[in-house]
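Undergrad: All chains should be built: construct the whole structure from the sequences, respecting the hints.
Each chain, letter by letter, is given below.
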Amino acid sequence: MRLSEVAGKVGLTFSGHDLDISAVNTLALAGPAELAPLLNRKHLPELAHSQAGAVLCEEKFASEGRTCLLSKNVKLDWARVVALFARPQGCLSGVSPQAFVHPEARLAPNVTVYPFAFVGARATLGEGTTLFPGVYVGEDCVLGRDCILYPNSVLLAATVLGDRTIVHAGAVLGSDGYGYAQSPGGHVKVPQVGVVSVGSDVEIGANTTIDRAALDATRIGDGTKIDNLVQIAHNVQIGRHCLLIAQVGIAGSAKLGNGVVMAGQAALRDNISLGDGVQVAGQSGVGVDLPAGAMVGGSPAMDIATYLKMSLTLPKLPDLARRVRRLEKALEERQDETKENSHE
Amino acid sequence: MRLSEVAGKVGLTFSGHDLDISAVNTLALAGPAELAPLLNRKHLPELAHSQAGAVLCEEKFASEGRTCLLSKNVKLDWARVVALFARPQGCLSGVSPQAFVHPEARLAPNVTVYPFAFVGARATLGEGTTLFPGVYVGEDCVLGRDCILYPNSVLLAATVLGDRTIVHAGAVLGSDGYGYAQSPGGHVKVPQVGVVSVGSDVEIGANTTIDRAALDATRIGDGTKIDNLVQIAHNVQIGRHCLLIAQVGIAGSAKLGNGVVMAGQAALRDNISLGDGVQVAGQSGVGVDLPAGAMVGGSPAMDIATYLKMSLTLPKLPDLARRVRRLEKALEERQDETKENSHE
Amino acid sequence: MRLSEVAGKVGLTFSGHDLDISAVNTLALAGPAELAPLLNRKHLPELAHSQAGAVLCEEKFASEGRTCLLSKNVKLDWARVVALFARPQGCLSGVSPQAFVHPEARLAPNVTVYPFAFVGARATLGEGTTLFPGVYVGEDCVLGRDCILYPNSVLLAATVLGDRTIVHAGAVLGSDGYGYAQSPGGHVKVPQVGVVSVGSDVEIGANTTIDRAALDATRIGDGTKIDNLVQIAHNVQIGRHCLLIAQVGIAGSAKLGNGVVMAGQAALRDNISLGDGVQVAGQSGVGVDLPAGAMVGGSPAMDIATYLKMSLTLPKLPDLARRVRRLEKALEERQDETKENSHE
Numbered sequence: 001m002r003l004s005e006v007a008g009k010v011g012l013t014f015s016g017h018d019l020d021i022s023a024v025n026t027l028a029l030a031g032p033a034e035l036a037p038l039l040n041r042k043h044l045p046e047l048a049h050s051q052a053g054a055v056l057c058e059e060k061f062a063s064e065g066r067t068c069l070l071s072k073n074v075k076l077d078w079a080r081v082v083a084l085f086a087r088p089q090g091c092l093s094g095v096s097p098q099a100f101v102h103p104e105a106r107l108a109p110n111v112t113v114y115p116f117a118f119v120g121a122r123a124t125l126g127e128g129t130t131l132f133p134g135v136y137v138g139e140d141c142v143l144g145r146d147c148i149l150y151p152n153s154v155l156l157a158a159t160v161l162g163d164r165t166i167v168h169a170g171a172v173l174g175s176d177g178y179g180y181a182q183s184p185g186g187h188v189k190v191p192q193v194g195v196v197s198v199g200s201d202v203e204i205g206a207n208t209t210i211d212r213a214a215l216d217a218t219r220i221g222d223g224t225k226i227d228n229l230v231q232i233a234h235n236v237q238i239g240r241h242c243l244l245i246a247q248v249g250i251a252g253s254a255k256l257g258n259g260v261v262m263a264g265q266a267a268l269r270d271n272i273s274l275g276d277g278v279q280v281a282g283q284s285g286v287g288v289d290l291p292a293g294a295m296v297g298g299s300p301a302m303d304i305a306t307y308l309k310m311s312l313t314l315p316k317l318p319d320l321a322r323r324v325r326r327l328e329k330a331l332e333e334r335q336d337e338t339k340e341n342s343h344e
Numbered sequence: 001m002r003l004s005e006v007a008g009k010v011g012l013t014f015s016g017h018d019l020d021i022s023a024v025n026t027l028a029l030a031g032p033a034e035l036a037p038l039l040n041r042k043h044l045p046e047l048a049h050s051q052a053g054a055v056l057c058e059e060k061f062a063s064e065g066r067t068c069l070l071s072k073n074v075k076l077d078w079a080r081v082v083a084l085f086a087r088p089q090g091c092l093s094g095v096s097p098q099a100f101v102h103p104e105a106r107l108a109p110n111v112t113v114y115p116f117a118f119v120g121a122r123a124t125l126g127e128g129t130t131l132f133p134g135v136y137v138g139e140d141c142v143l144g145r146d147c148i149l150y151p152n153s154v155l156l157a158a159t160v161l162g163d164r165t166i167v168h169a170g171a172v173l174g175s176d177g178y179g180y181a182q183s184p185g186g187h188v189k190v191p192q193v194g195v196v197s198v199g200s201d202v203e204i205g206a207n208t209t210i211d212r213a214a215l216d217a218t219r220i221g222d223g224t225k226i227d228n229l230v231q232i233a234h235n236v237q238i239g240r241h242c243l244l245i246a247q248v249g250i251a252g253s254a255k256l257g258n259g260v261v262m263a264g265q266a267a268l269r270d271n272i273s274l275g276d277g278v279q280v281a282g283q284s285g286v287g288v289d290l291p292a293g294a295m296v297g298g299s300p301a302m303d304i305a306t307y308l309k310m311s312l313t314l315p316k317l318p319d320l321a322r323r324v325r326r327l328e329k330a331l332e333e334r335q336d337e338t339k340e341n342s343h344e
Numbered sequence: 001m002r003l004s005e006v007a008g009k010v011g012l013t014f015s016g017h018d019l020d021i022s023a024v025n026t027l028a029l030a031g032p033a034e035l036a037p038l039l040n041r042k043h044l045p046e047l048a049h050s051q052a053g054a055v056l057c058e059e060k061f062a063s064e065g066r067t068c069l070l071s072k073n074v075k076l077d078w079a080r081v082v083a084l085f086a087r088p089q090g091c092l093s094g095v096s097p098q099a100f101v102h103p104e105a106r107l108a109p110n111v112t113v114y115p116f117a118f119v120g121a122r123a124t125l126g127e128g129t130t131l132f133p134g135v136y137v138g139e140d141c142v143l144g145r146d147c148i149l150y151p152n153s154v155l156l157a158a159t160v161l162g163d164r165t166i167v168h169a170g171a172v173l174g175s176d177g178y179g180y181a182q183s184p185g186g187h188v189k190v191p192q193v194g195v196v197s198v199g200s201d202v203e204i205g206a207n208t209t210i211d212r213a214a215l216d217a218t219r220i221g222d223g224t225k226i227d228n229l230v231q232i233a234h235n236v237q238i239g240r241h242c243l244l245i246a247q248v249g250i251a252g253s254a255k256l257g258n259g260v261v262m263a264g265q266a267a268l269r270d271n272i273s274l275g276d277g278v279q280v281a282g283q284s285g286v287g288v289d290l291p292a293g294a295m296v297g298g299s300p301a302m303d304i305a306t307y308l309k310m311s312l313t314l315p316k317l318p319d320l321a322r323r324v325r326r327l328e329k330a331l332e333e334r335q336d337e338t339k340e341n342s343h344e
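Protein chains in written order, with the working numbering: chain H, 1 to 344; chain A, 1 to 344; chain D, 1 to 344.
Possibly wrong hints are sitting among the right ones.
Heads up, the list lumps identical chains together, so a pair's fine if it works in one copy or across two of them.
Said to hold, decoys possible - Derived DSBU-like pairs (lysine-lysine); straight-line CA-CA distance at most 35 Å:
| no. | residue 1 | residue 2 |
| --- | --- | --- |
| 1 | Lys189 | Lys329 |
| 2 | Lys309 | Lys42 |
| 3 | Lys9 | Lys316 |
| 4 | Lys339 | Lys9 |
| 5 | Lys9 | Lys72 |
| 6 | Lys329 | Lys42 |
| 7 | Lys42 | Lys339 |
| 8 | Lys72 | Lys42 |
| 9 | Lys9 | Lys329 |
| 10 | Lys329 | Lys309 |
| 11 | Lys189 | Lys42 |
| 12 | Lys255 | Lys42 |
| 13 | Lys9 | Lys42 |
| 14 | Lys339 | Lys255 |
| 15 | Lys60 | Lys255 |
| 16 | Lys329 | Lys316 |
| 17 | Lys42 | Lys60 |
| 18 | Lys9 | Lys189 |
| 19 | Lys60 | Lys329 |
| 20 | Lys60 | Lys72 |
Source of the hints: derived by calculation from the structure; they are not laboratory data.
TA: Set out below in structure tokens:
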């Protein structure tokens, strides 16, 4: 693709000469037919030595001898540029005769179903949706348009996906929530009869698990992006445009507003509510409701500013204990002195 | 189903009028043909406005105008009521010609094997057991009656399951334990030749992993319920009726008694023992043996009462450090004063 | 196999009588035709009562009445002995007609492809490599010799494996990295066009996830062993002979030298570097670069010696706070006294 064509498609201008761009690459690795991004100042030294044929960068970093695609928001424009060169996964199209599609399933046009994918009774697949090998779509599932279900992902009965939602390999949606009643004979399973309902433009990471509700639905809002190995328990309600990083765990019936960000390995207790825009640091554990905009860290979580100060003090804790002991001794000695003085 | 029939099946009586119950639902969402539970007092306001045709509740919450199924243990009776209405997952029965069943495998009557499930040599499936698509049952596995293996769950060679045990989607039982010997050339794999042995009425969560023993067996006792994304290493011994919540990690050869509860993301060190009824708080890390009934929290874990007090003090740690500094200064000043005074 | 044959194959001598060895087992469980290891002194009491026909042990633990295979490095020799008795997983060989192999894929001789495995266009499998049921090998993947891909493991497009690398069940390599650009309309996906490149003699645990790079490659060095449920984000670079224990999480673009060890549930922040031989304690969180040989613990991580001392002090924190309060009071009282004295 000519650089001028790239520029036109993403609505940018360029300085320097037009050329053929065969691929995108990093500044360090790109060759003369490749386009690389200057994503932040940190990479300026790499820019100096880069063999890249063209560079996507802010205008202020453009130089005479270099062909530059000029951007005011490099990260966002880079996402659009890469999309022009990215090849979608997969090597087949159409519905494979080696797939299992239940006669009562309904498939829209232009659906791709790979060998060894399974589509249950009354499931519906929207136009352009792709099921990779080993995907299981249970009975009564409803999938929107242009969804991608990567290999071995599983949607149990009656799971709902909006449009353009991506489920990565091995993710499981709609497994039974973890609900038991106690009896003298042991834990009695409370059958889970709710569903998982996922919005549009959602991404669900590899081997992530989202349990179906006990009753009603576990819900994931539009535009929310979930990383790998995340656990979302039954009846959890997640708003729009949230970011849940890898290995996060969210316990039953927790509620997240819109734009909530949880960093890796953070966890939420059951039945709590997080307001819009709450940010939770990595490995934190939140056990109480948080108002909109709150930023917390630690396990149990506290205000992020307090947490950062606390973290700096923590390694000094043994020293602090020693100093308190020393103070006590000093005071005891002075008290002894005082006593002695008063006896004189 | 008539309410009178529901009542009869679970051994309860009801107040008000008999009616047709089409489904179970929450108090907030149930309609006039649905039955909803009052699971705790917190939901009393919802009860007031509920459109539910009937409510399962304690007798003291029953009122004149409402049809109530009367219970002394609402959570337990609710589990039984829901079981009457729950539809099992799946839309096929019998052994699919699109499954692979090794000629030396032995299948009891009424077994269901979905397309793309695999049953290895000499594996045996008990009566009423179901293998969903993508399930792998390795050679020499022994599965009891009425087990359910959800899509893409994996049982490697010689795994044993009791009766009525449920393996959720993507769970892996019998993968190699993580065992290496050091050599000058690098880590040398110690081949893992033990198995995984799981009791009856066990539930294993989605994408949970349970490694086979180095020798002998990794064991999970009857009635133990394991949530999603839990890691159980080789040679671990877990007792009966334990509860392991999501993302828990248990290192090699750890031993858990009966009725142990570990909350989300908690972890156990290798080779330690937990007595019966031990409770471990979320995100805790236990590195030492614990006696029966111990309740612990924190990483490293401490007695739960100490942990809760410690957690309240933690955010005040920077302030505490400042106060110790101030005390030291005050004491220094007084010492200087004393010295000055003594020089006068 | 005769004990003399076992001894010959692993290059050891034995004391006592030659005998037939049918299997390996633990000291506690081994019978008269089995060989058991004395892996450490802790097991000496079991040795006294063991029915084992022969024991692998250091010469100093050999006794008159017992047949002993004599070793200077029991753990390493045990790995070799067990390898003689271990049966590989699986019950089929050759390429199943129930597998899907793309006509443009290239399979070396002696490859095994089980039913319901999928091999994409232009993928190449080295000699002796085995794909279990439900394995997905995407287009353009390159697999070396004697690799084993256990059931339902997934290699997305263009993933590279060296020789003798093992991918356990349910692991996912090459899923999209978690990369988004912010826009007024929400998070915009940055298409991930890099790959995952894994060396030789690597082991990747069950349900572990390794994301493909944004550009370039996520790399895992030769001999590195990764446990179950580990998350490795895009662009991470891992050296040779590292050990990553279960549920570890490594954020984007982090770099690990050779021989790094991370214990269970530990985590690394994005874009940091760990030198050769760094050791990270379980549940720790590392947020800064660490030099070669560093040993750290805690979240956030600190020097391990400091961490251990800090951990011992932590449960005493509430007591420490009380003592500081007491000191303050004592000092206040003395100041009041002093004032009173000065007013006298």
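Undergrad: Indicate, hint by hint, whether the structure satisfies it.
TA: Evaluation of the provided hints:
Taking identical chains as interchangeable, the C-alpha atoms of lysine 189 and lysine 329 are never at most 35 Å apart, the minima being 59 Å within one chain and 56 Å between chains. With identical chains, the CA atoms of lysine 309 and lysine 42 are at most 35 Å apart within one copy only, with a shortest distance of 27 Å there and 38 Å across copies. With identical chains, the CA atoms of lysine 9 and lysine 316 are never at most 35 Å apart, being 56 Å at best within one copy and 55 Å at best between copies. In this homomeric assembly, lysine 339 and lysine 9 never come within 35 Å of each other (Cα to Cα): the closest approach is 88 Å inside a single copy and 81 Å across copies.
Only within a single protomer do lysine 9 and lysine 72 lie at most 35 Å apart by alpha-carbon distance; the minimum there is 16 Å, versus 67 Å between protomers. In this assembly of identical chains, lysine 329 and lysine 42 lie within 35 Å of each other by CA distance neither inside one copy nor across copies; the values are 52 Å within and 44 Å between. Taking CA atoms no more than 35 Å apart as the test, lysine 42 paired with lysine 339 passes in neither setting, with 66 Å inside one copy and 57 Å between copies. In this homomeric assembly, lysine 72 and lysine 42 come within 35 Å of each other (Cα to Cα) only inside a single copy, at 17 Å, whereas the closest approach across copies is 52 Å.
For the homomeric pair lysine 9 and lysine 329, neither the shortest alpha-carbon distance inside one copy (76 Å) nor that between copies (67 Å) is at most 35 Å. Taking the shortest alpha-carbon separations for lysine 329 and lysine 309, both the intra-copy value of 28 Å and the inter-copy value of 21 Å come in at or below 35 Å. In this assembly of identical chains, lysine 189 and lysine 42 lie within 35 Å of each other by CA distance solely across copies; the values are 22 Å between and 54 Å within a copy. Proximity of lysine 255 to lysine 42 under the C-alpha cut-off of 35 Å is restricted to the inter-copy arrangement: shortest distance 17 Å between copies versus 38 Å within a copy.
When the C-alpha separation of lysine 9 and lysine 42 is checked against a cutoff of 35 Å, the pair qualifies only within one copy, where the shortest distance is 28 Å, while the shortest distance between copies is 56 Å. Taking the closest pair of Cα atoms, lysine 339 and lysine 255 never come within 35 Å of each other, the shortest separation being 62 Å inside a single copy and 57 Å across copies. Taking CA atoms no more than 35 Å apart as the test, lysine 60 paired with lysine 255 passes between copies only; the shortest distance there is 31 Å, against 44 Å inside one copy. Taking the closest pair of Cα atoms, lysine 329 and lysine 316 come within 35 Å of each other both inside a single copy (20 Å) and across two copies (18 Å).
In the homo-oligomer, the alpha carbons of lysine 42 and lysine 60 lie at most 35 Å apart inside one protomer (15 Å), although the nearest pairing across protomers, at 60 Å, exceeds that limit. In this assembly of identical chains, the alpha carbons of lysine 9 and lysine 189 lie at most 35 Å apart only when taken from different copies (17 Å versus 55 Å within one copy). Taking the closest pair of Cα atoms, lysine 60 and lysine 329 never come within 35 Å of each other, the shortest separation being 63 Å inside a single copy and 53 Å across copies. Only within a single protomer do lysine 60 and lysine 72 lie at most 35 Å apart by alpha-carbon distance; the minimum there is 10 Å, versus 66 Å between protomers.
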